[in-house]
Amino acid sequence: GAGVSQSPSNKVTEKGKDVELRCDPISGHTALYWYRQSLGQGLEFLIYFQGNSAPDKSGLPSDRFSAERTGGSVSTLTIQRTQQEDSAVYLCASSLTDYNQPQHFGDGTRLSIL
Amino acid sequence: QKEVEQNSGPLSVPEGAIASLNCTYSDRGSQSFFWYRQYSGKSPELIMFIYSNGDKEDGRFTAQLNKASQYVSLLIRDSQPSDSATYLCAVNTGFQKLVFGTGTRLLVSP
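Line by line, the protein sequences are chains Z and W.
23 is the number that this note's numbering gives to position 11 of the first sequence; each next residue is one higher, with no gaps.
99 is the number that this note's numbering gives to position 96 of the second sequence; each next residue is one higher, with no gaps.
This is chain Z alone, in the form it adopts within the complex:
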């Protein structure tokens, strides 16, 4: 079946602009996660959604970052007033449930802030 789909695959924008990144999880997966990976670095957890529960936002680095998940499926990560330090690959993953299930990653969005 189809995997996790992310768009756009690449985004270049100017400092101060807002950006929206989209993630479409694997059909039937109730848990959805966002991570950030800077060049040569490990994965940094940002936020996670499970079903209709309130999201765990504990990893969001600042209030410029927000995410929503509509209808328990597609998620959008929004970064307002982008800064150069926001440049990274943003990865989305989904899992069947949030309990001891493997996460499957999309191809990521490479974000470059000029």
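Every clue listed holds true.
Not the full set, but computed from the structure, chain W residues with beta-carbon under 7 Å of chain Z:
no.	residue
1	Ser35
2	Ser46
3	Pro47
4	Leu49
5	Asn95
6	Thr105
Pairs of lysine-lysine, BS3-like flavour, derived with a Cα cap of 25 Å:
no.	chain 1	residue 1	chain 2	residue 2
7	W	Lys100	W	Lys59
8	W	Lys45	Z	Lys23
9	W	Lys100	W	Lys70
10	W	Lys70	W	Lys59
11	Z	Lys69	W	Lys100
12	Z	Lys23	Z	Lys69
Derived Cβ-Cβ restraints for the label pairs, each shown as a range:
no.	chain 1	residue 1	chain 2	residue 2	range
13	Z	Glu80	W	Glu6	26 to 34 Å
14	W	Ile21	Z	Thr109	31 to 39 Å
15	Z	Thr109	W	Asn10	25 to 33 Å
Quick caveat, the hints were computed from the structure, so don't treat them as lab data.
Note that the Cβ used here is the ideal one computed from N, Cα and C, for glycine as well.
Since the structure of chain Z is already known, use the hints to place chain W on it.
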């Protein structure tokens, strides 16, 4: 102390050898353990997961878990140059989030 620790490497092995990748974790309540492979410029790809003490084999890959020692490893038999990548260990500590190690870079030389 980091929650999930891996040697950054690189770990260099000749083609055909066994590559042994190790990971330790700090939370004794951890319940599930995952190995991901990440090629340069690509996203992580799930290779193995293990929940119980002991070994789990899948083709050339074997995951080993020792909860008493808080240690999980990945063995790759008959290593191939195409196995050259960064291997990420991830641990579910019971809070429904995976905690990732920073990865071990594996180089398999022909």
